[in-house]
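First to last, the sequence lines map onto chains A and B.
No gaps in the numbering here: position 208 of the first sequence is 367 in our numbering, and each next residue is one more.
No gaps in the numbering here: position 178 of the second sequence is 337 in our numbering, and each next residue is one more.
Any given hint could turn out to be false.
If chains are identical, the list can't say which one is meant, so a pair holds when it fits in one copy or spans any two.
Each computed DSSO-like pair below joins lysine-lysine, with the alpha-carbon atoms no more than 27 Å apart [to be verified]:
#, residue 1, residue 2
1, K490, K356
2, K382, K336
3, K382, K424
4, K356, K414
5, K445, K336
Quick caveat, the hints were computed from the structure, so don't treat them as lab data.
Below are the chains, spelled out letter by letter.
There are 2 protein chains.
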Amino acid sequence: MKKHLTVALDAMGGDLGPDMVIPGAALSAIRHPNVRFLLVGDQSRIAPLLERHPHLKERAEIRHSDVFVTMDAKPSQALRQGRGKSSMWLAIEAVRSGEADTAVSAGNTGALMAMARFVLKTMPGISRPAIAAIWPTLRSESVVLDVGATIGADATQLVEFAVMGEAMARCLFGLEKPTVGLLNVGVEEIKGVEQVKEAGRILRDASLPLEYIGFVEGDDIGKGTADVVVTEGFTGNIALKTAEGTAKQLASYLKQSLMRSWLSKLGALLASGAFAALRDRMDPRKHNGGVFLGLNGVVVKSHGGTDALGFATAIDVALDMVRNDLVSKIKTDVETMNALIKPVTAPDKQPEISL
Amino acid sequence: MKKHLTVALDAMGGDLGPDMVIPGAALSAIRHPNVRFLLVGDQSRIAPLLERHPHLKERAEIRHSDVFVTMDAKPSQALRQGRGKSSMWLAIEAVRSGEADTAVSAGNTGALMAMARFVLKTMPGISRPAIAAIWPTLRSESVVLDVGATIGADATQLVEFAVMGEAMARCLFGLEKPTVGLLNVGVEEIKGVEQVKEAGRILRDASLPLEYIGFVEGDDIGKGTADVVVTEGFTGNIALKTAEGTAKQLASYLKQSLMRSWLSKLGALLASGAFAALRDRMDPRKHNGGVFLGLNGVVVKSHGGTDALGFATAIDVALDMVRNDLVSKIKTDVETMNALIKPVTAPDKQPEISL
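Chain A extracted, bound-state conformation (with noise of 0.2 Å):
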């Protein structure tokens, strides 16, 4: 591995921009003293934020671009107008050329993937990319995956989910054979979850070099029961969510509670250590960051209402995909997944755009 590695920002992501970008590379850098930085933007608005952090400066280039995304743009809209231009699509293109190892936006999520997508194509063996979270759970953290890539996944798809996320999880947790569980509902005798039942199956049968324990429930995700948990993008966008307006809510009835009364407030003062510990293990700063999984490239999306600390977290999380060398797992795994099972899906289409 080269001794030194670049990261490319869509410094123009976000619901700041640079004003938030600058400052978590600023960060970034700090904790990773040999990485350099490629900051895609507005050069006037990146430059003098720039200079306000020497040692950020001394290992960053600007590349300039005026054109930018907007948060609501639709995906093939911002095709259309970014392609080749804007500060995503150049952030994109710099892992493609090599000239960076990894690219992290807290743009549009849509237009994110479509351009990933198109610039650094789906991997062989590989039907489908998806977005994988991570996950804080009562264990430790797991993989959730796809949390809207797309909607909709077939057996097939879902497997090569499962075979994704558990490389996934080897990089990130260390772990030598991480559990996978498949995400379903708890009745046994339902219409329409055939696909989850028939990637059970696979998964089962096939002898895929991977740990699947079988179906997981909802509350499974929090507990920690699998370190891998797959399932189609539109369900795992709404479970993501719903557990991120669930701790909201708890976080809100909490602080509610201790206002109600003299000694409660008083309580609280001398149980303020707890209450930041508490704060920081649910802080979603500390776990930000979604990993675009099945592309020729590791793309990181950061939220888009993040700060300069949660940004950094995004770029941690980006690093040490390209550390340990997700792409090439993948690979590897896919080839191994596909000498075992049948190809049973043509890949999917590119998205029809007419650009």
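With chain A held as given, fit chain B onto it using these hints.
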């Protein structure tokens, strides 16, 4: 409305059967002094328990059955073995015959739905029943459906769920115009949710007498953005269980944080009133009761693992639905709906089971 309502209880349902159901009924009998109880199940187990609750005994009747549906029976198996004689079947049958006004069971969900569909039949104009959960939110509570009656739903079925859920919200919350949202993902341009988009178009354009507010995302459920959240059963079930799992996870984090030092333990002691209030607010026993909608009668499913207090809550919900005339409200609304929207789907067939 007649003066004395009767609730039929499947005394054998739930993890503990009569040991949980009879004390639950006893609690309910205090709350509802004019309600009568039909206790269906093993006489030799119910009678001694009833002796301990004279106030319940004088308003209760035991209907003996020595056939019980096990918690892990498949619905088809349960129907074959429990038809016409199991405690679950007889409790539902009492609703059909008019002997009881509603039935409550903490038994196997799939079996209960299969039997309820078989005995009570789906309402005219409704193609498929749903299970609605009462979901605590930051604003108050919302109705979320379907949380697991069936997997998948087409646009018309989603609209039916919206109409039924809205009627339930009027009964439950006393709102004149509850708001209705369709659960979707945040990505605009995606495949596969055609049925959700189409349902949205119908709800927006068909001038139904309900307050449709558009798409909502997973985190909107806990916020209480809509009084009624509509989705199909697979996603709804996973969202519900994911939220339950997240709540348990955070409660466990909180406990761990407070145990970390003597200072935080002291703080927790002083704030114990606040934590009691929080526990009370999060208490799943206070939000117990999945309402079966779209049948000619009210059946409520209690959590299998609940205790007497939780079971009494499920009985509260069932009585609320009956007192507010849920079935008639839905019937009226479904007629209005079908007058405004051309009927698109044929009713689902009854479960294909040879008995």
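Open item on the list: At most 27 Å between CA atoms: does that hold for K356 and K414 within a copy, between copies, both, or neither?
Closed with: Close neither inside one copy (42 Å) nor across copies (37 Å); limit 27 Å.
Open item on the list: At most 27 Å between alpha carbons: which applies to K382 and K336, within, between, both or neither?
Closed with: For K382 and K336, the Cα distance is within 27 Å only inside one copy (18 Å; across copies 38 Å).
- [ ] Measure nothing new, just compare the shortest in-copy and cross-copy C-alpha distances for K490 and K356 to 27 Å and report within, between, both or neither.
- [x] within (25 Å within a copy, 36 Å between copies)
- [ ] Since the copies are identical, ignore which copy is meant and state whether K382 and K424 lie within 27 Å (CA to CA) inside a copy, between copies, both or neither.
- [x] between (31 Å within a copy, 25 Å between copies)
Open item on the list: Please sort K445 with K336 into within, between, both or neither, judging by C-alpha distance up to 27 Å.
Closed with: within (24 Å within a copy, 41 Å between copies)
Violated hint for the displayed structure: number 4, the only one.
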